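Student: Residue strings, one per chain:
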Amino acid sequence: MSCTKLLTTQAYIDDELDAAAALAAERHIETCAECAALRAEGLAIRKALREQASYHRAPEKLRAAVRQKIGDPVSSPSVAKGGFGALAKPGRSFFAGAGFGAALALAASLLIFVLGAPVRDEMANDVVAAHIRSLIGTHLVDVASNDHHTVKPWFAGHSDVSPPVGDFAKAGFTLVGGRVDYVDGRRAAVTVYRHGAHVMNVFAWKDLGDVKPGTRLRNGYRLLSWEKHGLFFCAVSDTGQSELVRLSQLIQSSDRATE
Amino acid sequence: MDERRRRFEALLLPHLDAAYNLARWLSRSAAEAEDVVQDAMLRALKSFDRFRGGDARPWLLAIVRNCHRTAAKRRASFVSVPIDEEIDGMTGDIPNAFRADTPDPESAATANAERRKLDTVLAALPEEFREVLILRELEEMSYREIAEATGVPMGTVMSRLARARALLKERWLQSEGASS
Ligand SMILES: [Zn+2]
Chain W
1 MSCTKLLTTQ
11 AYIDDELDAA
21 AALAAERHIE
31 TCAECAALRA
41 EGLAIRKALR
51 EQASYHRAPE
61 KLRAAVRQKI
71 GDPVSSPSVA
81 KGGFGALAKP
91 GRSFFAGAGF
101 GAALALAASL
111 LIFVLGAPVR
121 DEMANDVVAA
131 HIRSLIGTHL
141 VDVASNDHHT
151 VKPWFAGHSD
161 VSPPVGDFAK
171 AGFTLVGGRV
181 DYVDGRRAAV
191 TVYRHGAHVM
201 NVFAWKDLGD
211 VKPGTRLRNG
221 YRLLSWEKHG
231 LFFCAVSDTG
241 QSELVRLSQL
251 IQSSDRATE
Chain F
260 MDERRRRFEA
270 LLLPHLDAAY
280 NLARWLSRSA
290 AEAEDVVQDA
300 MLRALKSFDR
310 FRGGDARPWL
320 LAIVRNCHRT
330 AAKRRASFVS
340 VPIDEEIDGM
350 TGDIPNAFRA
360 DTPDPESAAT
370 ANAERRKLDT
380 VLAALPEEFR
390 EVLILRELEE
400 MSYREIAEAT
410 GVPMGTVMSR
420 LARARALLKE
430 RWLQSEGASS
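Line by line, the protein sequences are chains W and F.
So for the first sequence, the working numbering puts the first residue at 1; every next one is plus one.
So for the second sequence, the working numbering puts the first residue at 260; every next one is plus one.
The following block holds chain F by itself, in its conformation from the complex:
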């Protein structure tokens, strides 16, 4: 294995989970997320010479995001799938993509139901809000890193995050009201 590829693997492979998690939350499909991540890793390898060093995670996630956009556009030209549909009426109908991959025998059914409820609310948020919450709360990225990954100014990251949190809270409360 040559030195460049060794360096690429050492820097990028540790972020494969982050790449897949983001792709999965953006595409809301396991199969699409796998395609997007494979595509992103190849693109990252091709443009690795442009990587300036430091933490490779925001750099890789920016590529994942672009690959997702490209794939989504390509898909949209074939079929029209309603994206970002309203949460109303969705609470009793959890999309297959968000069922647990493997059953967890330790969790009670109620725990799974709660997890699915939050997953469902999050999955139904508009993409830019869903994305900023994933990066901030599940990846613990800083504003600067999120700005780098999403290609917007830090001020935009801050206002998006504020709106994303407000919207998540509102819809979460709505989903609780609907199920009780």
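Chain W extracted, bound-state conformation:
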């Protein structure tokens, strides 16, 4: 027999239910094997598509052609030079090699990770926009240094937030520098790292309100956010999720070391 609440369970995994309905759905899933399986499979498919399926970003020549067609007099070739085209494709090693069964197991173990409702839409859009600006513009860093003894004090003098800064070159994450950027109308302290061909921006704010840690995907860029000691962090890059998680762990452990 098929459960009559399958679409409700689906709406639950798609984050379409209000708090009361979500609670009721959770209770039902606990007692219904069919819905429990549907949830596990839905999350496995989500993880697989977000980690493995290709996200096709607009090629630079299309971007230029569109600008020209809609009559933008500045069909900026400078953007093409240092822009998206120069960046490597996302590495997706995190999930590589996993078939459906493995995906299912992994999704189950990462349930909270996947279901957590992280940074708001506008904020995710703004973080990605700021990340893209930093890649195509000249304003990647205000202070360029691979020495955290230089970058950390610079934040203290130029920002109301002084996030932990480390040089994790041995682990493959080279410190590039820091800058102050505006996201969602707020000043953020941004630490910039490089991992292979990928630039990774780590935004930090204080007093951000009711945002929850978690992951998001926007235009093929991945966001990972977390909270520590009253600071809220959001790392963004076109790397795979495993690289973001690794960097987040390094930053959090360096924070502990300097306390």
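Treat the hints as calculated values from the structure; they're not laboratory data.
Treat the hints with care, as some may be off.
[As the list claims (entries may be wrong)] Here are the simulated SDA-like pairs of lysine to any residue, each with C-alpha atoms no more than 25 Å apart in a straight line:
#, chain 1, residue 1, chain 2, residue 2
1, W, LYS61, F, ALA289
2, F, LYS428, W, GLU26
3, F, LYS305, W, SER242
4, F, LYS428, W, PRO59
5, W, LYS69, F, ARG302
6, F, LYS305, W, ILE70
7, W, LYS69, F, LEU270
8, W, LYS69, F, ARG422
9, W, LYS5, F, SER418
10, F, LYS305, W, CYS32
11, W, LYS69, F, SER401
12, W, LYS5, F, THR415
13, F, LYS428, W, GLU34
14, W, LYS5, F, SER401
15, W, LYS5, W, LEU104
16, W, LYS61, F, GLN297
17, W, LYS5, F, LYS305
18, W, LYS69, F, ARG311
19, F, LYS428, W, ILE70
20, W, LYS61, F, ALA269
21, W, LYS5, F, ARG422
22, W, LYS61, F, ALA421
23, W, LYS69, F, GLU262
24, W, LYS69, F, PRO273
25, W, LYS69, F, ALA269
26, F, LYS376, W, SER242
27, W, LYS5, F, VAL411
28, F, LYS376, W, GLN249
29, W, LYS69, F, THR329
What you are looking at is a predicted structure, and each value in this text was computed from that prediction instead of being measured.
Chain W is fixed; fit chain F with the ligand onto it per the hints.
Tutor: Relative to chain W, chain F with the ligand alone:
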């Protein structure tokens, strides 16, 4: 640059990647996707006065989708290309359109193989199912936004999504069985 065009660029250009990704997954061809997106951006500019504000992404994607349909119909009148063919027998033969644009030196060959396998399974799904999965999982759009982009009621979005997931799971398992 006049004010209208400035507003258009500020609202629409951030969604160019989403437009191209959808066009590319619908047409399954890089060249066609570029034509479709250029066409869609021009149409969007022409009808920009009808845009009611808010998030421009569902609005733009609805136009991309219509442009794709028009282009596909025009093409179908010239050549007959089997669309939505069965996945069986396709696992060892990855269409050129789904090879990575540039080689990724960091990924092992197995990672690429896995990615291509899922891409192949997804590419072979019937268009309405492929589309709803792209919008929901790669664009993280809500049911309401998907309904707006695809021009169907929310109930249809929900049932399509359910069937799309079930079919993807089934074919993914099949492709694993075929390759092991
Ligand atoms: Zn049930």
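Student: Does each hint fit the structure? Answer for all of them.
Tutor: Verification of the supplied hints:
1. W:LYS61 with F:ALA289: OK: LYS61 (chain W) and ALA289 (chain F) at ~12 Å, within 25 Å.
2. F:LYS428 with W:GLU26: holds, 23 Å
3. F:LYS305 with W:SER242: violated, 43 Å
4. F:LYS428 with W:PRO59: violated, 31 Å
5. W:LYS69 with F:ARG302: Holds - the C-alpha atoms of ARG302 (chain F) and LYS69 (chain W) are around 11 Å apart, at most 25 Å.
6. F:LYS305 with W:ILE70: holds, 10 Å
7. W:LYS69 with F:LEU270: holds, 16 Å
8. W:LYS69 with F:ARG422: violated, 39 Å
9. W:LYS5 with F:SER418: With a Cα-Cα distance of about 12 Å, the restraint between LYS5 (chain W) and SER418 (chain F) holds, given a limit of 25 Å.
10. F:LYS305 with W:CYS32: violated, 51 Å
11. W:LYS69 with F:SER401: With Cα atoms ~31 Å apart, LYS69 (chain W) and SER401 (chain F) exceed 25 Å; violated.
12. W:LYS5 with F:THR415: Given that 25 Å is the threshold and the Cα spacing comes to 16 Å, the pair holds.
13. F:LYS428 with W:GLU34: Cα-Cα ~15 Å, so holds.
14. W:LYS5 with F:SER401: holds, 19 Å
15. W:LYS5 with W:LEU104: holds, 21 Å
16. W:LYS61 with F:GLN297: holds, 11 Å
17. W:LYS5 with F:LYS305: violated, 44 Å
18. W:LYS69 with F:ARG311: holds, 23 Å
19. F:LYS428 with W:ILE70: Violated: LYS428 (chain F) and ILE70 (chain W) sit about 41 Å apart, past 25 Å.
20. W:LYS61 with F:ALA269: Holds, at about 19 Å.
21. W:LYS5 with F:ARG422: Holds: LYS5 (chain W) and ARG422 (chain F) sit about 15 Å apart, inside 25 Å.
22. W:LYS61 with F:ALA421: violated, 37 Å
23. W:LYS69 with F:GLU262: Status holds; Cα separation ~17 Å.
24. W:LYS69 with F:PRO273: Holds, at about 16 Å.
25. W:LYS69 with F:ALA269: Answer holds: LYS69 (chain W) to ALA269 (chain F) is near 16 Å, not above 25 Å.
26. F:LYS376 with W:SER242: holds, 21 Å
27. W:LYS5 with F:VAL411: Cα-Cα ~22 Å, so holds.
28. F:LYS376 with W:GLN249: Distance ~31 Å between LYS376 (chain F) and GLN249 (chain W) Cα, so the pair is violated.
29. W:LYS69 with F:THR329: holds, 20 Å
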